[in-house]
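Chemist: As you go down the protein sequences, you meet chains A and B in turn. For the first sequence, full-length UniProt numbering gives the first residue as 1, with consecutive numbering after it. For the second sequence, full-length UniProt numbering gives the first residue as 1, with consecutive numbering after it.
Mixed in with the good hints, there may be bad ones.
Claimed, not checked - Which chain A residues face chain B? A few, computed with CB under 10 Å, are given here:
| id | residue |
| --- | --- |
| 1 | T58 |
| 2 | F123 |
| 3 | T125 |
| 4 | S193 |
| 5 | P219 |
Note that these hints are calculated values from the structure, not bench results. Beta carbons: idealized from backbone N, C-alpha and C, even for Gly.
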Amino acid sequence: MTFDIFLQHLTNGISLGSLYALIAIGYTMVYGILRLINFAHGDIFMMATYFGFFGVMTFGIPWYIVFPLVLVLTALLGMGVEATAYRPLRDAPKISILISAIGASFLLENLTTVLFGGVPKPFPTPEVFTDVVQVGTVSIQKLTFYIPVVTGICLAGLLYLINRTKTGMAMRAVSRDHETARVMGVNVDRTISLTFGIGSLLAAVGGIMWGMKFPQIAPLMGVMPGLKCFIAAVIGGIGNIGGAVVGGFILGIGEIMLVAFLPTLTGYRDAFAFVLLIVILLYKPTGIMGEKIAEKV
Amino acid sequence: MKRGFALLLAMMIVATLFATVGVQGANVIKIGVFEPMTGANAAGGQLEVEGIKLANKLYPTVLGSKVQLVIADNKSDKVEAATAAARLVEKEKVTAIIGSWGSSLSMAAGDIVKNGKVPTVGASCTNPLVTQGNEYYFRVCFIDPFQGTVMANYAFNKLKAKKAAIVQEVSNDYAVGLAKFFTDSFKKLTKDSNCIVEVANYNTGDQDFSAQLTNIKAKNPDVIFAPGNFTESALVISQARKLGIKTPIIGGDTWETQEFLDIGKAAVEGAVFSTFFATEKPITKESQKFLAAYRKDYKKEPAAVSALGYDAYILILDAIKRAKSTNTVKVRAQLARTKNFPGAAGMITLDENRNAVKDAVIKVVKDGKFTYMDTIHPF
């Protein structure tokens, strides 16, 4: 393998990894604050791409209006899911909420299939994002530059929100102990709803980026990315936002390198992610950047 | 709230009851349609069903009874496919079955229709294993050894290719089969055992192929043969173009769906593949009848698989007519005797392995449309 080819593989890996990172941030944030694995995250991500599809393809609205609209709609959808599937179970055992999350995921998948059909649809991809730049012999899609930038902006915005604002303080308080937070005057329901809204907004950003990179959308498209981003979050230390980014890159680059150097193992590409998950859970269950303290029960 | 739910539930039960009565009341012959209506192969399945429904509309009766289509969704999934086929055979007690788009899905139903002794006619499943050793499986399309040979000849004679790379959907029997037959005949044509420079695999549902394609780019082949589902194939081609691979990319019949064009857009321009039927070349009287009716009903040009779905239906009806019975064993015996039957997608003669022997058509994507290029006769 020549150096050029290796560079191309590395570029591909970074491109995919930054996409995983972007989606994993939202996943890990919701977990970090609510200690809840939101299995519907991948499906909310899928819904965002459908909103984009209908806005641009069906109603013919220009993409620069549709994409912000998608963020708002998806955030509202996330808050809706929270209000119907999670809020009634707020004081129920953790396992009930987990089951409810899986139920919400199936509901979204099947609802989309019934409403929009199971046939894959094209995602609108503005040329400005998908153009290709040639650097020597390496071909790089402009998207490859944009995704890490978008990931960076989301990351910075999120860290600012959580660590520097009053809302963020409320979120951290709720994550500590929501009963005490309530006593201290934090509006717990609103804070949790907002957390879901922001998490879904991040899923929508990921969805739009994913849709532009792989312009094909289908009701079950969120399942694999959802699982992989969950794994990315666990590798980085679930709940740790910086860790999710690291995990995303490890997973993305790892996958590409597996296919690049061991082409015969291509069929085990998805298995690679799961093997990595098992190894992490066995040897470093808190993940690379996870908190050392054990979760309180 | 609770009362509302109870009322809703009661209404649903009543509605189900009525639905069942409606079906059992009439004197009907049931034909099962076993197709992916949802999932990765849904576009193909729905195209076939369009053709089947059209045939049912034009030929609604046989032996004086109404023909009722019972559609079972196999959800593009091998396990669901077995369940769907079992439902048609055991619960619906159909006289015959049509389907499925996708050789893997058809094979998943193989043993069920064989043990249930229900004759099944595949419309576009091209893998040889679908009908091999299964007396009850037939098909109205040609098979992959022929299709693979056609494409290898095209690559060698028309593109003057000496080195080829293969991108195959490794979890799809259709793609793997086609790739194998392409490889075999390409090796024979070039007389070079190293003519296949790279074999890249991917899984159904994968969306990122950049690593595989980068490896292929490094080997610089003259042609890339990429048989697979249209959804992944469209992404494979557009990602190849974005990586700067300018090599011609060729494939098989599954590409012929609107979604392939919608998803691949400018990238799939110039993609060449073999298929069954071209609307520019109606072959039989039945073709003209089919074309006119299809254009009127669906307001678009038919895909080859729609014509094949149509053919599978009229072939079954013809066999029931000749058998003068809905006994599945007798219908099977008549199906096996099909010779020079005029279908929408050409004359159908079934060989001893229950496969249709017919011409292949080569099409190219030109100006965002599938355009007829050439007709290839079998051997």
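Chemist: Against this structure, judge whether each hint is valid.
Modeler: Structure-based check of all given hints:
no.	hint	in the structure
1	T58	violated, 13 Å
2	F123	holds, 8 Å
3	T125	holds, 8 Å
4	S193	violated, 23 Å
5	P219	holds, 8 Å
The structure is inconsistent with the numbered hints 1, 4, although it conforms to all the rest.
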